[in-house]
Amino acid sequence: MDIPRYWRLKSQRYRLQGRRCTDCGSLSFPPRQVCMKCKSRNSEPYEFKGKGKLYSYTTIYQSPDRFEQIIPYVVALVDLEEGVRITAQLTDYFPEQLEIGMDLEMVIRQIYEDGPRGPILYGYKFRPILCPGIES
Amino acid sequence: MRKVAIVGIGQTPVREHWGTNLRDLAVSALRDAMEDAGVENLDGITVGNMLSGAMSEQEHLGALVADYAGLDGVEGMKIEAACGSGAAAIRMAVKAVASGLMDTVGVVGVEKLTEFSANNVTEALATAADADYETTMGLSFVGINALLMKRYLYEFKFNKNDFSIFPINAHKNACYNPNAMFRYPITLDEYAKAKIVADPINILDSSPVADGAAAVIVVAQENVSQYKGKPVSILACEVGTDTVALDNRENPLWLKGAERSAKKAYHVSGLSPKDINFYEVHDAFSIISVLSMEASGFTEMGTAIRFAEKNGIDIKGKFPMSTCGGLKGRGHPVGATGVYQVVEAAQQIRETVAKEIQVERNKIAMAQNIGGSGATVITTILKKIV
Amino acid sequence: MSKMMKPSRDVGIVGYGAYIPAYRLPGTEISELWRDGQDNKFLPVKQKSVPGKDEDTTTMSIEAAQNALKRAKINPAKIRAIWVGSESHPYAVKPTGTVVAEVLGIAPDTLAADMEFACKAGTEAMQAGFAFVGSSMGEYALCIGADTAQGRPGDALEYTAAAGGAAFIIGPAEESLAVLEGSYSYVTDTPDFFRRAYQRYPEHGNRFTGEPAYFKHITSSVSALLEELKLKPEDFAYVVFHQPNSKFPLKVGKMLGFSKEQQKYGLLSPSIGNTYAGASVVGLTDILDHAKPGERILISSFGSGAGSDTFSFMVTSKITKAAKLAPKTKTYIDRAIPINYAAYARLRKKIIKE
Chain A
1 MDIPRYWRLK
11 SQRYRLQGRR
21 CTDCGSLSFP
31 PRQVCMKCKS
41 RNSEPYEFKG
51 KGKLYSYTTI
61 YQSPDRFEQI
71 IPYVVALVDL
81 EEGVRITAQL
91 TDYFPEQLEI
101 GMDLEMVIRQ
111 IYEDGPRGPI
121 LYGYKFRPIL
131 CPGIES
Chain B
1 MRKVAIVGIG
11 QTPVREHWGT
21 NLRDLAVSAL
31 RDAMEDAGVE
41 NLDGITVGNM
51 LSGAMSEQEH
61 LGALVADYAG
71 LDGVEGMKIE
81 AACGSGAAAI
91 RMAVKAVASG
101 LMDTVGVVGV
111 EKLTEFSANN
121 VTEALATAAD
131 ADYETTMGLS
141 FVGINALLMK
151 RYLYEFKFNK
161 NDFSIFPINA
171 HKNACYNPNA
181 MFRYPITLDE
191 YAKAKIVADP
201 INILDSSPVA
211 DGAAAVIVVA
221 QENVSQYKGK
231 PVSILACEVG
241 TDTVALDNRE
251 NPLWLKGAER
261 SAKKAYHVSG
271 LSPKDINFYE
281 VHDAFSIISV
291 LSMEASGFTE
301 MGTAIRFAEK
311 NGIDIKGKFP
321 MSTCGGLKGR
331 GHPVGATGVY
341 QVVEAAQQIR
351 ETVAKEIQVE
361 RNKIAMAQNI
371 GGSGATVITT
381 ILKKIV
Chain C
1 MSKMMKPSRD
11 VGIVGYGAYI
21 PAYRLPGTEI
31 SELWRDGQDN
41 KFLPVKQKSV
51 PGKDEDTTTM
61 SIEAAQNALK
71 RAKINPAKIR
81 AIWVGSESHP
91 YAVKPTGTVV
101 AEVLGIAPDT
111 LAADMEFACK
121 AGTEAMQAGF
131 AFVGSSMGEY
141 ALCIGADTAQ
151 GRPGDALEYT
161 AAAGGAAFII
171 GPAEESLAVL
181 EGSYSYVTDT
191 PDFFRRAYQR
201 YPEHGNRFTG
211 EPAYFKHITS
221 SVSALLEELK
231 LKPEDFAYVV
241 FHQPNSKFPL
251 KVGKMLGFSK
261 EQQKYGLLSP
271 SIGNTYAGAS
281 VVGLTDILDH
291 AKPGERILIS
301 SFGSGAGSDT
311 FSFMVTSKIT
321 KAAKLAPKTK
331 TYIDRAIPIN
341 YAAYARLRKK
351 IIKE
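Protein chains in written order, with this note's numbering: chain A, 1 to 136; chain B, 1 to 386; chain C, 1 to 354.
Hints are supplied without guarantee of correctness; some may be wrong.
Stated by the list, open to error - List of simulated lysine-lysine pairs, DSS-like, C-alpha gap at most 25 Å:
| # | chain 1 | residue 1 | chain 2 | residue 2 |
| --- | --- | --- | --- | --- |
| 1 | C | Lys-70 | A | Lys-10 |
| 2 | A | Lys-53 | C | Lys-70 |
| 3 | A | Lys-51 | C | Lys-321 |
| 4 | C | Lys-330 | A | Lys-51 |
| 5 | B | Lys-256 | A | Lys-37 |
| 6 | A | Lys-37 | B | Lys-264 |
| 7 | C | Lys-292 | C | Lys-330 |
| 8 | B | Lys-384 | B | Lys-228 |
| 9 | C | Lys-73 | A | Lys-49 |
| 10 | A | Lys-39 | B | Lys-256 |
| 11 | C | Lys-328 | C | Lys-260 |
| 12 | B | Lys-263 | A | Lys-37 |
FYI, nobody ran anything at the bench for these hints, they're computed from the structure.
Build the full structure now, drawing on both the sequences and the hints.
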């Protein structure tokens with residue numbers, strides 16, 4: 001059970017909270033102490049909107065133990081609207097629907113159950129846009 | 001800085017060594033290298049290993065290997081850089097010798113991955129990635145490489161079968177390497193029909209995890225006459241890094257770590273990609289061969305497959321690769337792999353490989369060892385001493 | 001004594017949202033597997049919604065609440081209470097509402113609790129929300145009814161036990177898209193359907209579920225409220241009842257004097273099954289998606305055990321804009337990925353890997 005990690009990463013997993021460098025404005029996710037661009041240590045929390053495009057994806061058939069219950073599943077690289085790329089699972093797509101470049105939106109799902117006695121870990125996943133035209 | 005050279009090499013066959021434990025694999029390779037070099041003692045050892053803790057419940061390898069290799073009291077440390085651990089350990093030895101701090105350093109890369117079930121290995125290998133943001137999102141190590149291959153196929157419009165040139169070549173060469181794990185050839189048809197592991201990567205794109213150990217003895221080039229083994233000069237052994245998480249890279253298809261490492265290696269050796277006679281590539285997956293060739297300056301982005309087809313990467317080709325089977329054919333005992341690559345390159349330069357896989361132009365070899373999805377890359381350039 | 005419940009301060013719904021999972025299991029899949037297809041022509045619902053392998057009451061509550069928040073357009077930190085009504089809370093001990101609060105940015109200045117009253121846990125949460133806002137303890141409350149219902153394989157309930165939920169942000173009447181006119185709750189001790197602790201599947205009293213349970217409680221509850229409000233069935237543009245199957249809601253409507261036309265929207269069980277604590281409230285969201293200012297809505301839930309909550313709402317002019325701000329309930333209904341029994345058995349963890 002990785003309870004401290006689960007607890008510590010809530011803002012990231014529930015709300016895509018990264019950092020915005022207050023010196024050069026560049027965004028980071030995951031949050032970084034040191035700005036990747038200007039190396040400044042001054043930053044503030046920044047919540048990404050959770051909209052993006054599919055950069056690449058793959059179906060996992062052999063997984064680490066904690067994901068065994070959900071194989072096969074799709075993991076993707078998603079290019080967020082704000083210009084940051086993140087790694088996330090995809091969910092609720094029709095077979096054959098996935099293609100590189102398609103629009104995606106963030107949803108909160110179970111990432112894994114830490115065994116029958118451990119906590120249920122929730123966090124971001126992405127799915128095809130449910131309702132184009134509705135701003136979140 | 002002193003120039004450095006290798007005067008001794010050793011290796012165990014790459015196998016599922018159920019009957020041999022981690023320390024004995026390491027000791028076999030290290031003592032073989034010491035015998036080859038004709039040395040009874042060492043100033044220090046570095047042990048390249050990634051997963052002894054997770055896969056053998058054993059850390060503290062420096063002292064353990066020194067103890068069991070009969071090197072009582074000798075300084076020893078484990079060096080870890082994921083799949084790049086082996087060459088990283090060589091890098092540490094090179095630093096020690098070049099600086100003059102030590103004269104004779106043993107490097108042994110060792111890995112034992114067959115103690116537990118396959119799921120445990122998958123889980124352990126995934127620790128090379130970002131634990132908080134990649135692994136706990138369900139990404140496996142194969143998965144990371146699959147993301148790269150999928151995007152590469154999309155951007156450069158290749159047919160997946162075009163990648164088969166790399167595993168077919170590796171298997172062909174492995175047939176003549178007694179230490180290789182897969183000593184049989186494979187065909188395009190077999191590649192095309194191979195089982196998918198993580199789409200689009202199939203089983204024949206993937207190097208097998210295995211057990212093994214390889215070792216080299218690193219000394220100052222000015223002292224090579226004091227040793228028994230035929231010396232091979234290390235012109236460069238340079239490290240470049242990149243973000244651990246794939247998603248944090250501007251262009252994941254460009255291995256900046258490989259570019260940085262190769263550029264440094266070319267710089268310190270005074271060579272350019274054109275000078276390299278043959279290349280021991282980190283072909284853990286076919287896609288990595290491609291990305292490594294491109295980032296290392298052998299060919300432009302998106303052209304590695306065409307480059308390989310045009311020049312020929314087999315033993316008789318203009319640019320032989322994976323000459324002893326590579327990771328794909330010889331096997332990929334993770335933390336030992338980087339040392340195997342250098343040992344095999346040294347064998348080519350010493351002309352001690354089977355005649356079927358002896359490259360003709362063997363003066364300058366390059367080996368590249370890649371940790372994670374390219375976060376740690378070590379490029380080693382070896383030269384024949386004439 | 002007045003039977004009607006109405007807070008001293010006028011309150012209503014300022015935001016609403018639904019969530020229905022994408023997967024659908026046709027009833028014929030169950031009938032073929034367990035009854036040689038014998039039930040194919042007598043299915044209680046055509047198909048039912050099935051949650052994905054990464055969904056549960058928490059995740060469904062989150063998306064429904066996000067939709068409600070989009071329509072309410074309020075600062076989530078002003079929500080001071082969250083009640084999630086469900087019989088399928090993912091944890092036996094640890095509130096569903098805390099996760100919802102954290103995800104939506106409602107935490108930490110809020111109270112959160114799980115409610116359970118079989119299929120009326122959602123309207124139960126709403127009653128609490130109306131009372132909470134009506135007493136001015138807080139400006140807004142978030143009330144959710146959601147379930148990932150389980151039916152024993154081969155049991156009659158397996159045809160209908162479905163998944164879905166709805167969320168409502170309760171607030172002052174002047175900000176509401178539907179103002180509460182009054183409510184009434186009716187409860188008796190009736191063991192028509194229950195699940196003991198640690199049991200995976202519920203038990204039901206066969207025919208007992210109809211007459212003394214569903215019909216008795218809903219008719220008593222609705223009649224009482226209509227009488228108190230001095231309203232007749234024809235005063236309502238829409239009515240929605242708890243919907244354990246396709247027939248019951250139409251039958252109880254007829255018994256009470258409502259027309260089929262009044263159930264044109266909101267009667268969703270034929271296409272998604274019985275979403276338990278979500279059933280009547282998801283129906284309400286579908287009605288709100290279609291309602292016009294000045295129209296009156298009656299909603300009456302039923303929860304086994306047993307009880308019924310009935311509410312009367314008057315739709316305001318705020319509905320027109322608000323309805324468009326989040327995905328409509330029909331969008332979720334139309335997003336239907338058909339699955340077979342094998343996939344269903346896996347998704348619902350009926351295949352246990354030790």
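Need the status of pair Lys-70(C), Lys-10(A): alpha-carbon distance at most 25 Å? Holds, because 22 Å separates the two Cα atoms, which is no more than 25 Å.
Does the structure keep Lys-292(C) and Lys-330(C) at a Cα separation of 25 Å or less? holds (17 Å)
Holds or violated: are the alpha carbons of Lys-263(B) and Lys-37(A) at most 25 Å from each other? Within the cut-off at roughly 22 Å; holds.
Regarding the pair Lys-256(B) and Lys-37(A), is the alpha-carbon distance no greater than 25 Å? Holds. Lys-256(B) to Lys-37(A) sits at ~16 Å (cutoff 25 Å).
Has the given pair, Lys-51(A) with Lys-321(C), been kept, meaning a C-alpha gap of at most 25 Å? Given that 25 Å is the threshold and the Cα spacing comes to 23 Å, the pair holds.
Under the criterion that the straight-line Cα-Cα distance not exceed 25 Å, is the pair Lys-53(A), Lys-70(C) satisfied? holds (22 Å)
Proposed proximity, Lys-228(B) with Lys-384(B) (alpha carbon, max 25 Å): Given pair Lys-384(B), Lys-228(B) holds - Cα atoms ~16 Å apart, limit 25 Å.
Is Lys-328(C) within 25 Å of Lys-260(C), Cα to Cα? holds (22 Å)
Run the distance test for Lys-39(A) versus Lys-256(B): straight-line Cα separation, threshold 25 Å. holds (19 Å)
Could you grab the alpha-carbon distance between Lys-330(C) and Lys-51(A) and see if it respects the 25 Å cut-off? holds (22 Å)
Given the hint that Lys-73(C) pairs with Lys-49(A), does the C-alpha gap stay at or below 25 Å? Holds, because 16 Å separates the two Cα atoms, which is no more than 25 Å.
Would you mind confirming whether the straight-line C-alpha gap from Lys-37(A) to Lys-264(B) stays at or under 25 Å? holds (22 Å)
Checked against the numbered hints listed earlier, the structure breaks none of them; every hint is satisfied.
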